[in-house]
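Undergrad: Protein chains in written order, with the numbering used here: chain C, 1 to 245; chain G, 1 to 253.
Hints in this document: simulated from the structure, not taken from any laboratory.
We put the CB at the ideal spot given by N, CA and C, even for glycine.
Do not take every clue at face value.
Claimed, not checked - Stretch by stretch, here's where chain C covers chain G in the computed footprint (C-beta under 8 Å, at least three residues):
no., stretch
1, 25-38
2, 66-76
3, 104-110
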Amino acid sequence: MSEVAALPTRKHEDFRYSDIDALAGVWPIAREEIVVADGGEESLQIVEDGAEAVARHLVISLGKGAKFDLRVLSAGPVYGRIAVDVRLAEGADFTLGAAQLATGSETLEVVTEVTHAGLNATSHQIVRSALAGHSVGTYLGRIAVERGADGTDAEQSVRAMLLDRTATANARPELEIYADDVKAAHGCAVGELDANGLFYLMSRGLTPPEAKRLMLQAFIAEAFTGAPGEAELSEAAIARLEQIL
Amino acid sequence: MTMLKIDNLQANVAEKPILKGLSLTINPGEIHAIMGPNGAGKSTLGYTLGGRPGYEVTGGSVDFLGQDLLELEPHERAAAGLFLGFQYPVEIPGVSFVQFLREAANAQRKGRGEEALSGGEFLKLAREKAGLLRMDMDMLKRPVNVGFSGGEKKRAEMVQMGILDPKLAILDETDSGLDIDALRICGEGINAIMRAPDKAVLLITHYQRLLDYVKPDFVHVLAAGRIVKTGGPELALRLEEEGYEAVVQETAA
Ligand SMILES: Nc1ncnc2c1ncn2[C@@H]1O[C@H](COP(=O)(O)OP(=O)(O)O)[C@@H](O)[C@H]1O
Ligand SMILES: [Mg+2]
Numbered sequence: 001m002s003e004v005a006a007l008p009t010r011k012h013e014d015f016r017y018s019d020i021d022a023l024a025g026v027w028p029i030a031r032e033e034i035v036v037a038d039g040g041e042e043s044l045q046i047v048e049d050g051a052e053a054v055a056r057h058l059v060i061s062l063g064k065g066a067k068f069d070l071r072v073l074s075a076g077p078v079y080g081r082i083a084v085d086v087r088l089a090e091g092a093d094f095t096l097g098a099a100q101l102a103t104g105s106e107t108l109e110v111v112t113e114v115t116h117a118g119l120n121a122t123s124h125q126i127v128r129s130a131l132a133g134h135s136v137g138t139y140l141g142r143i144a145v146e147r148g149a150d151g152t153d154a155e156q157s158v159r160a161m162l163l164d165r166t167a168t169a170n171a172r173p174e175l176e177i178y179a180d181d182v183k184a185a186h187g188c189a190v191g192e193l194d195a196n197g198l199f200y201l202m203s204r205g206l207t208p209p210e211a212k213r214l215m216l217q218a219f220i221a222e223a224f225t226g227a228p229g230e231a232e233l234s235e236a237a238i239a240r241l242e243q244i245l
Numbered sequence: 001m002t003m004l005k006i007d008n009l010q011a012n013v014a015e016k017p018i019l020k021g022l023s024l025t026i027n028p029g030e031i032h033a034i035m036g037p038n039g040a041g042k043s044t045l046g047y048t049l050g051g052r053p054g055y056e057v058t059g060g061s062v063d064f065l066g067q068d069l070l071e072l073e074p075h076e077r078a079a080a081g082l083f084l085g086f087q088y089p090v091e092i093p094g095v096s097f098v099q100f101l102r103e104a105a106n107a108q109r110k111g112r113g114e115e116a117l118s119g120g121e122f123l124k125l126a127r128e129k130a131g132l133l134r135m136d137m138d139m140l141k142r143p144v145n146v147g148f149s150g151g152e153k154k155r156a157e158m159v160q161m162g163i164l165d166p167k168l169a170i171l172d173e174t175d176s177g178l179d180i181d182a183l184r185i186c187g188e189g190i191n192a193i194m195r196a197p198d199k200a201v202l203l204i205t206h207y208q209r210l211l212d213y214v215k216p217d218f219v220h221v222l223a224a225g226r227i228v229k230t231g232g233p234e235l236a237l238r239l240e241e242e243g244y245e246a247v248v249q250e251t252a253a
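Make the full structure from the sequences, and use the hints.
TA: The following block contains the structure:
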């Protein structure tokens, strides 16, 4: 991703669904560099639960066999942007688990560029969004597999639940593959909560918001499975779900 | 007080009239069975009483323990003491039975102004009711109905009924998909949980066999959206022998 000096417009691919007015208030976005040396293991948990606009840009470089576990919970900002560029050397492993929980006219975006530069590196991205009101949740994810990065396994799983017909989900996975023996599973789905399941739960006594929250809790949990701070993330997600339902 | 009084109930599904003037009264302490051919409207009756969206009441009334049932939301019907056993219990990935049932039990208690059950109290209750249905507690730690066989789903429905302790249970084909042993276990479970002077059951079934275990006080035949015949347990035996058609036609004649 090239440096963007001036405030971008929506013509810029990486900002096509951004709230440009809100972005102006947090521009320019500082690059946060993270380097994990060969064989190193690190994790980072980001919980955005304030109402203020926030935008972050992480640039992560993973050495041979290095691992990085990134979890993101966007739960509150009027505008929340997380851009992540990751470069993986041979045998490195990158996990992203992100949940976007929005309502009102909030705009949330996760923008990733994952570059597999060495042999047999693995990346898994799971993004789950629950969008109410007029909110917008976006995932733009580019995966680049460089020449010689054979044996790459790059997975993207992106699912959004629209809690109101007025909410919008955008999901755009992109693949550029210049290597052999590459696995690149990607699934994107936008849906609504299963009406049969909701009635079943309500017929047992749960109120409509309780039934929705229980189903969404399970849906979102997929983004946090195996995280070092799984319990804390789930708790924060539940608190947010209770607000937006 | 009457438990349930359905008077001339009419309901549409997808704009199509399915219930066409159904009347039925159930008193506390009674067990009623509704039998009828496929497509007669048996499940529609259960869903309409449960308040399922899409089941539109176009006429008639339903009184449940002195309340206008049709005015209540599905969760309020549950809190008022109604339980619907599903013909096809729904799978809910990622949500465990234990978590769901504890929340459900406590939501109902809250709706009635009662204290919530603690985690320990709930587990004790769940273990007791699971035992009644010979269901392993570990099954209740799994996601709701996911990967359960047909018979396990039906037993899990009965465990839920035991935990939620309703006044009136409407059980839609609880016997379908059960082998002989599971049928007996479910039948005995229904008796243990629901045979009481202040409770009642409406069993929806195709077959006489469940009624060997859960002896009904009344048997009704539902055909084309209406109760066309009512009798005692002997009516179920006649239906089994002669078929619905003969019995229904004799009524029409
Ligand atoms: N969702 C639906 N949409 C359209 N028709 C339906 C729907 N559900 C049930 N029906 C129709 O309503 C009638 C009664 O169905 P049902 O109540 O399931 O019968 P039963 O349980 O007695 O077999 C059938 O003709 C069936 O096709
Ligand atoms: Mg049916």
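Undergrad: Are the hints correct? Go through all of them and say.
TA: Quick rundown of the hints versus the structure:
1. Here the stretch 25-38 of chain G counts 0 residues with a CB under 8 Å from a CB of chain C, which misses the bar of 3, and the coverage is violated.
2. Under a criterion of three residues with beta carbons nearer than 8 Å to beta carbons of chain C, the stated coverage of the stretch 66-76 of chain G is upheld, 3 such residues being counted.
3. Only residues whose beta carbon comes within less than 8 Å of a beta carbon in chain C count, and the stretch 104-110 of chain G has 4; three or more means the coverage holds.
Figure legend: structure checked against the earlier numbered hints; the only hint not met is number 1.
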